[in-house]
Amino acid sequence: MRIAFIIHGRKKKKSAVEKSIEPYLRSGDTATYFETTHSSHGTTLARQCFPEVDVIVPIGGDGLFHECLNGWMQARIELSNDLIPPVMVPWPCGSGNDFARNYLWKDDVAHVMARVYANQTQQVDVGSIAFADHQTIYFLNEMSIGLGPEVVKHVNELPPHWSGGIKFGLGIIKAFFTFKKKVIEVSWNENANHRDKTMAFVVANGKYFGSGLGIAPTALVDDGKLNLTIIGDVSLFDYLKQLGKLKSCKVIHHPEVKYDVSNDIVIHSTNAMESDGEWIGYGPAKISLIKQALWMR
Numbered sequence: 000m001r002i003a004f005i006i007h008g009r010k011k012k013k014s015a016v017e018k019s020i021e022p023y024l025r026s027g028d029t030a031t032y033f034e035t036t037h038s039s040h041g042t043t044l045a046r047q048c049f050p051e052v053d054v055i056v057p058i059g060g061d062g063l064f065h066e067c068l069n070g071w072m073q074a075r076i077e078l079s080n081d082l083i084p085p086v087m088v089p090w091p092c093g094s095g096n097d098f099a100r101n102y103l104w105k106d107d108v109a110h111v112m113a114r115v116y117a118n119q120t121q122q123v124d125v126g127s128i129a130f131a132d133h134q135t136i137y138f139l140n141e142m143s144i145g146l147g148p149e150v151v152k153h154v155n156e157l158p159p160h161w162s163g164g165i166k167f168g169l170g171i172i173k174a175f176f177t178f179k180k181k182v183i184e185v186s187w188n189e190n191a192n193h194r195d196k197t198m199a200f201v202v203a204n205g206k207y208f209g210s211g212l213g214i215a216p217t218a219l220v221d222d223g224k225l226n227l228t229i230i231g232d233v234s235l236f237d238y239l240k241q242l243g244k245l246k247s248c249k250v251i252h253h254p255e256v257k258y259d260v261s262n263d264i265v266i267h268s269t270n271a272m273e274s275d276g277e278w279i280g281y282g283p284a285k286i287s288l289i290k291q292a293l294w295m296r
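Quick note, the sequence shown lines up with residues 0 to 296 if you use numbering that gives the first Met the number 0.
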């Protein structure tokens, strides 16, 4: 088996990862270690590794998983469909680790290597965001407009060594005081639409975002559906009242909170957008689902 480990340069040291992995490698297997040095480097590395390895292990958080997913998808599209794609085995050690919460994955070398050598491979859904300039960005966990990009901005301004819970908690509180609700115009399915001042419009493949907030309680990453959560004119007081339910990943019953399901979403407005905790640009854009696109363990 050929395994590529793509290490977030600020999360773990390459030398330490190599030392921890070596005792778990089986005879005849080869391991190659890469370390990211700048934004989007994970995309480049995953794209380069794709035709050469059997397994890709991104070692970081949701941001690195997002980068590696985009490199994986780009290579899958460009290369022959006859090529068996490498399996992705994310190792969660980032700030939020929200995608990992769908599976209860651990930041533990023995746990990760057991997944690398597991017999069962799962095919999970991937979200696709197509912009007007023909650029396409893929997401594994979620994308949002409204409060989400503002939170990402504040989180990125905080010290990188702080815990994800503290960073995202402070980021959300700060965002409530700096974010001004704007009109968000979105349509989905054949006749559903939303055009109003909105706190957040979230398209979710997984259940969690914002370091453990259960924004889409019924979402499953392999059910062939994207879940929508629409949070309208909600105050900071309302948010704090519902925080317990959010952390418990429960449905919120509130007149300004709505849920739906759709695999065909059009963002008509020019609001800022984030995906998997990374700022990605501005609308308009079209969002769709690619069913069972990614091979993962």
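Derived from the structure by calculation, the hints contain no laboratory data. Just so it is clear, CB atoms sit at the ideal spot from N, CA and C, and this is done for glycine as well. Hints are supplied without guarantee of correctness; some may be wrong.
Result set (BS3-like, lysine-lysine): computed pairs, CA atoms no more than 27 angstroms apart in a straight line [as the list claims (entries may be wrong)]:
(1) Lys196 x Lys105
(2) Lys105 x Lys179
(3) Lys244 x Lys180
(4) Lys290 x Lys224
(5) Lys13 x Lys105
(6) Lys179 x Lys152
(7) Lys196 x Lys240
(8) Lys180 x Lys290
(9) Lys290 x Lys173
(10) Lys181 x Lys257
(11) Lys152 x Lys290
With beta-carbon atoms standing in for the labels, derived distance ranges [claimed, not checked]:
(12) Glu21 x Lys105: 36 to 44 angstroms
(13) Glu77 x Asp107: 16 to 24 angstroms
(14) Ala131 x Ala191: 16 to 24 angstroms
(15) Asn155 x Asn118: 52 to 60 angstroms
(16) Pro159 x Lys105: 28 to 36 angstroms
(17) Arg194 x Ala113: 45 to 53 angstroms
(18) Met0 x Ile289: 40 to 48 angstroms
(19) His253 x Pro159: 21 to 29 angstroms
(20) Ala131 x Leu219: 29 to 37 angstroms
(21) Val250 x Gly8: 21 to 29 angstroms
Right, here's what the structure says about each hint:
1. Lys196 x Lys105: 39 angstroms, violated
2. Lys105 x Lys179: Violated: Lys105 and Lys179 sit about 37 angstroms apart, past 27 angstroms.
3. Lys244 x Lys180: 23 angstroms, holds
4. Lys290 x Lys224: 8 angstroms, holds
5. Lys13 x Lys105: 19 angstroms, holds
6. Lys179 x Lys152: Given pair Lys179, Lys152 holds - Cα atoms ~14 angstroms apart, limit 27 angstroms.
7. Lys196 x Lys240: Holds: Lys196 and Lys240 sit about 21 angstroms apart, inside 27 angstroms.
8. Lys180 x Lys290: 33 angstroms, violated
9. Lys290 x Lys173: 36 angstroms, violated
10. Lys181 x Lys257: 17 angstroms, holds
11. Lys152 x Lys290: Given that 27 angstroms is the threshold and the Cα spacing comes to 31 angstroms, the pair is violated.
12. Glu21 x Lys105: 36 to 44 angstroms: 20 angstroms, violated
13. Glu77 x Asp107: 16 to 24 angstroms: With Cβ atoms ~34 angstroms apart, the hint is violated.
14. Ala131 x Ala191: 16 to 24 angstroms: 22 angstroms, holds
15. Asn155 x Asn118: 52 to 60 angstroms: 39 angstroms, violated
16. Pro159 x Lys105: 28 to 36 angstroms: 21 angstroms, violated
17. Arg194 x Ala113: 45 to 53 angstroms: Since Arg194 and Ala113 have Cβ atoms about 48 angstroms apart, the given range 45 to 53 angstroms holds.
18. Met0 x Ile289: 40 to 48 angstroms: Given range 40 to 48 angstroms: violated, Cβ gap about 26 angstroms.
19. His253 x Pro159: 21 to 29 angstroms: 34 angstroms, violated
20. Ala131 x Leu219: 29 to 37 angstroms: The hinted range 29 to 37 angstroms holds for Ala131 and Leu219, with Cβ atoms some 31 angstroms apart.
21. Val250 x Gly8: 21 to 29 angstroms: The hinted range 21 to 29 angstroms is violated for Val250 and Gly8, with Cβ atoms some 39 angstroms apart.
When the structure is compared with the earlier hints, violations turn up for hints 1, 2, 8, 9, 11, 12, 13, 15, 16, 18, 19 and 21 and for no others.
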